[in-house]
Amino acid sequence: MVAGEEVTIFVDGRRVTARAGEPVAAALYAAGIRTTRFSRRRGEARGPFCMVGRCTECVMTVDGVENVRTCTTPVRDGMRVETPGGRRHGPSGA
Amino acid sequence: MVVVGAGPAGLCAALEAAQAGVRALVLDENERGGGQLHKQIHRFFGSRHHGAGKRGFEIARELMEDCARAGVEVRLSSAVLGCFRTGELLVDGPQGVYVLRPRATVIATGASEKSFPFPGWTLPGVMGAGAAQTLVNLHGVLPGRRVLMVGAGNVGLIVAYQLLQAGAEVVGVVEAEGEVSGYEVHLQRVRREGVPVYLRHRLLAAEGGEGVEAALVESLDDGGVKRFRVDALCLAVGLAPQAELAAMRGCRISYAGELGGFLPWHDRDMRTSAPGVYVAGDAAGVEEASVAMDEGRLAAVSAAEDLGVLDAAEAAAIKSALLARLEGLRGGPSARSKRAAKARLCSG
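Chains as they are written, first to last, in our numbering: chain Y, 84 to 177; chain V, 1071 to 1418.
Next comes chain Y alone, as it looks inside the complex (with noise of 0.2 Å):
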């Protein structure tokens, strides 16, 4: 509902064109991505699920933060955000 001003975050060095304000895991959504992190042991891909960060299915690393919800955190320009588990987002897409 607002529409925030273009940003470009990292993710796993790719970027992505977000819009200020809203949470990482919608920019992920909107550029395609729905993969935000790979479980421990069995490295089965998992996303955002509740979208109010309650269940931290959505946990990324921001800006060498490890374990930040990305549900609940609002973009920012030159935010750098990596795929835990592991394997990654490559360059050219998930």
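Note that these hints are calculated values from the structure, not bench results.
The structure presented is a predicted model; accordingly, all values stated were derived computationally and were not measured.
Backbone N, C-alpha and C define an ideal beta-carbon position, used for all residues, glycine too.
Incorrect hints may have been included.
[Claimed, not checked] Part of the chain V face toward chain Y, derived, beta carbon under 8 Å:
(1) 1182
(2) 1183
(3) 1192
(4) 1193
(5) 1194
(6) 1195
(7) 1197
(8) 1198
(9) 1201
(10) 1204
(11) 1209
(12) 1211
(13) 1213
(14) 1280
(15) 1281
With chain Y's structure known, arrange chain V on it following the hints.
This is chain V only, laid out in the frame that chain Y set:
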């Protein structure tokens, strides 16, 4: 008085407290006030007192403005981490972590979406209906192009319709019961758009590699299995009161399935079993936003009475008006079982 939660119940509690002359501080972990109202784009039913005809986000904005005018402080991005038996609250906000010692506490923490496990439920693209609603209504992002909705209560039907309006294809609404529990008007809207509603069907599994690609649904009558190709699967299988803070505080916890499950026991006037602790809104049993608003007001009047700011006669007069209004709100056929459950709880 400290109110935990800036949704319809919490904001109305703070407003009523301010009106009675009690200083109220509202804490909410989110960046904006209004709770789940701010993602509601449909018009509300009910009466003038509850914002009928307005959209949820408009009601949220008005309540926040009313709070500002009434001198109610609303601290956002402030999570209440703990509610101790001493009555102290531990808060984590922009100012850091700090302790509050309120004389009265209103727990208006709302509810969280329920879920259930099935093969494939952790695949990206499987999410709560509320999560889908947040994505589409708040952020203008579709959770998928082809969506299956599980659950034909009001949340399932409303979100299915909003996804349609936003341009998604809703391939069906699956409901295990033999009838729809959501309002007829929402059901008709979805049906008019050509969305099939599969009654007496259940979700078996989600399939996919790195995200959901299909959903398997079984008929409870003949065991036939349908396979839907989808890229989003939304679960609208109910809400559960967020009772953790009340439990931590030592409030007696009761169970009422009709109201969402475990919840703090409370009397008719929203007093919990712990002195100085009140509960309102979905945290006191999942009902409508309009009910939450009046429960919030009721909790505040009880608190003002217990603090000695309102005398018994003043409090009784306001409360009887609010209770009559609540009775009216719970008059519909779909609210009957909830009303009965609430009555049982309050007398127990």
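Against the structure, the hints:
no.	hint	result
1	1182	holds, 6 Å
2	1183	holds, 6 Å
3	1192	holds, 6 Å
4	1193	holds, 7 Å
5	1194	holds, 3 Å
6	1195	holds, 6 Å
7	1197	holds, 5 Å
8	1198	holds, 5 Å
9	1201	holds, 4 Å
10	1204	holds, 4 Å
11	1209	holds, 4 Å
12	1211	holds, 5 Å
13	1213	holds, 7 Å
14	1280	holds, 4 Å
15	1281	holds, 6 Å
Of the numbered hints given earlier, the model fails none.
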